[in-house]
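Novice: Chain by chain, the residues:
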Amino acid sequence: MLKRVFNCMASPCEILLETEDPILMNTVEAAVVKEAKRIETKFSRYNDQGVLAVLQRSGGARVEVDSETAALIEFAKTCYELSDGLLDITSGVLRRVWSFKTPDDPVPKQREIARLLPLIGFEKLTWNAPFLTLPEGMQIDFGGIGKEYAVDRCLDLVSSITTVPCLLNFGGDLAAKRAPSAGEWRVGIEGTANVVEFKSGGIATSGDQRRYLKVGSKIYSHILNPKTGWAVESPYTSISVLSSTCTNAGVLATLSFLQDDPKAFLEAQGCRYWLQKDAP
Amino acid sequence: MQLTPQKAEKKTEPKKSLKIALSAATATLLAVGSFAHAEESVPTEPPVPSNDSAQKPAVWDQPPSDFFSRTYSALKGWAKFNGEVGLLYYKETNRVSAFEPSVNLVAMFDGGKTWSNHLTLDSLTGASPNGATPSRNAQTFTGPSGNSTYSAPAGQVPVDGSFHDTRIAYSTGWFQPLGEKYEFTVGGGVSSEYDYRSLTLSSTVSRYLNSKNTKLSLGASLELDVSDPVGGAPQGFDTMNAKLPADKALGKTVQDFLIGLSQVMSRRLIVQANYSIGSSHGYMTDPYKLLSEVLPEANVNAGDSTGVYYYEKRPDARTKNSLYVGAKYHLLKLGILSGSYRYFWDSWHVHSHTFGVDYDLPLGPKWHAGLDVRYYLQSKADFYRPFLIQGEALPSYASADYRLGDMDAITVGAKIGKKIGEGKNDLTFHLQYYQQTPDSNLGAFGSLAQYTIAPSVKALILKMIFGF
Amino acid sequence: MGVKPWDRDLLAQPGMTFGASLESGWDDHIYFSKEASSGGSGFSGGGCGCN
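Protein chains in written order, with the working numbering: chain A, -14 to 265; chain B, 6 to 473; chain C, 162 to 212.
Do not rely on the hints blindly, as some may be mistaken.
[What the hints assert, rightly or not] Lysine-lysine pairs mimicking DSBU-like chemistry, simulated, CA-CA at most 35 Å apart:
#1 A:Lys62 to B:Lys24
#2 A:Lys94 to A:Lys212
#3 B:Lys186 to C:Lys165
#4 B:Lys424 to A:Lys86
#5 A:Lys109 to A:Lys(-12)
#6 A:Lys262 to B:Lys24
#7 C:Lys165 to B:Lys429
#8 B:Lys24 to A:Lys109
Keep in mind that the hints were calculated from the coordinates and are not lab data.
Just need the whole structure built from these sequences, with the hints factored in.
Specialist: Dropping the structure here:
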């Protein structure tokens, strides 16, 4: 088993390939790094030439997006509908008032949040693939599914290069298509003591041990509810889900965080999950 | 908050179908792209190295076929383009009119690098005052080449014979960021008309501070001009009929420096302040302009032209300074309001104030309109002289060019534009009226007092711009 | 003084920049040929015989 590590999307990214052939490993590594960085650059919030910046400058004009962006918007639309509006790619404007750098960062006032609520709502976009009209002041970003999408994308790419079992782990969001000859992959869930064994599928974790706000005894996680604009107060600090793909797992993990009873929700989904309750 | 029985049902029922629907959606998402495939496809061992075409997501779903769409695709992949194409029409009542088609083309590459190009054609017709004063009698002037003459009727401000002049100018610039905090531009341009050529080189470096809220810029430019007037340039104060042989081509160099500060004040307000200083050396006289010599006040025919005309003479050095401040304020749904003020002063003792206000208003999603006003106030160069008086010693320098005199000018304009098609294409029409009024007190005496020595300039300006 | 990066939405609009355009080039040329002053908001980029 060979392993390579690189940095992307503000995380350490690992490629595990069941091979002893360094040339194959080099090929796979080169392809994965290139694709991961391509996705990172294309959808980065900080890229002036990127898709998101172009949309933000559109000033309410209709913009034609490429087929990859169109597919992501289409997926986001499905998630928006399936989640009754709890998963909403237009909710990024809330970052203006919510900061999670340290647990002592201030919690925003209701009126600051109220000011932004008119700018949130997938239903306010006009989406007729491949044309998107983003009303003035609104923005979209794929931060919620970017890393998971990159994992699945890169894994598909590896499969087109070799049939050898491969595990990709981008900062705790991971996936594999084939079980290794040892029978199962063994991975640790980020920030927990849990060790997970699985044959194939994707694991994503929602919630973050380090990014939360603490006011007195109240804990605000960094998952924001787009309907209210408020951070979720949850008994759990992180939720990890195993599903068929990393993207699937990511959606389910985030969605469960926004439920009144995450455990019941995940039970009903019939997927494996891990709930972390460590008091920070 | 009430939970109706229907709502409760809705919550529990689709849970299973959520997983199925989500899986289906994810499968669709991951299927898009040039390497979409089912898991059954078996790649061969040894590994096929990934090639670039597998990496790039398809930007167009149809493969480009003919030459134009292939070129368009290639261009589209190379850079993003935007620019403007437009036409300026300028018409003074009774004097000069100009047609000026222009194109701006900007190519933007990855990393914020930008290559800009500008081409202008400037076609001027008409006549402008030659500096001589009106007279009781008709006057005849020799054209610059010495071969032609033109005349002015009695009592009229003399204008040089109708001319056609076409100028072509091209300039280009390269802009790019340098790391996180710096940007620079280098550029150059050339301009050519039948009696004048100019070459310019310039560069500006900018630095960002305060999370890109402050931008400091430093710029320098060098301009080299060659004036090659028809018939050669006269020596200053040659008289019209006794023009001595002159140098054929005369040059001038201009060095300019600029320091600028741009500051974001708030989400809606940005301000800019610039100071620039420039120094010119060389031939700055207008080779076609004259001054009339008139009889002195004591004479019975005071103010009449003596029939002697002197070619004007300007210093061969000039230092210019300007201080500029501008602000742009976003009024959200009410558009954008801009204001600016410039104070200018130079070593010829010209002083001027320029005030400008612009208001742009969107009218719905497609249309936009605007209003603009500019007010300009100038005090004369110290060697500006509407005429020379016979018997008085010639000054060191003199010019009767009304553009160097005391004056004020106002421009008012209105514009309307519409977004065309999808994207940023826009067509705008802008109509302005420019009126320049020289100081009426030019020291005219005797027979000159009955004439307007320097009449107003009144011009209509029409601009049509297509932006893409 | 200043704003956070995510509050630069309005400032990013083309009408809020001080850059040169076709129109500013024309205006510079008109006023340079009719008046004695020049410059101010940047380099006007090139000479002509009109003054």
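Novice: Please go over all the hints and tell whether each is borne out by the structure.
Specialist: Do the hints match the structure? See the list:
Among the hinted pairs, Lys62 (chain A) with Lys24 (chain B) is consistent with the structure: their alpha-carbon atoms are about 15 Å apart, no more than 35 Å. The straight-line distance between the Cα atoms of Lys94 (chain A) and Lys212 (chain A) is roughly 16 Å, inside the 35 Å bound, and the hint therefore holds. For a cut-off of 35 Å, the pair hint linking Lys186 (chain B) to Lys165 (chain C) stands: about 16 Å separates their Cα positions. As the CA atoms of Lys424 (chain B) and Lys86 (chain A) are separated by approximately 42 Å, the hinted pair breaks the 35 Å bound.
For the hint pairing Lys109 (chain A) with Lys(-12) (chain A), the CA-to-CA distance comes to about 45 Å; that exceeds 35 Å, so the pair is violated. In summary, the hint linking Lys262 (chain A) to Lys24 (chain B) is supported, as the alpha carbons are separated by about 25 Å, within the 35 Å threshold. The straight-line distance between the Cα atoms of Lys165 (chain C) and Lys429 (chain B) is roughly 26 Å, inside the 35 Å bound, and the hint therefore holds. At most 35 Å may separate the alpha-carbon atoms for a hinted pair to count; Lys24 (chain B) and Lys109 (chain A) meet this at roughly 26 Å.
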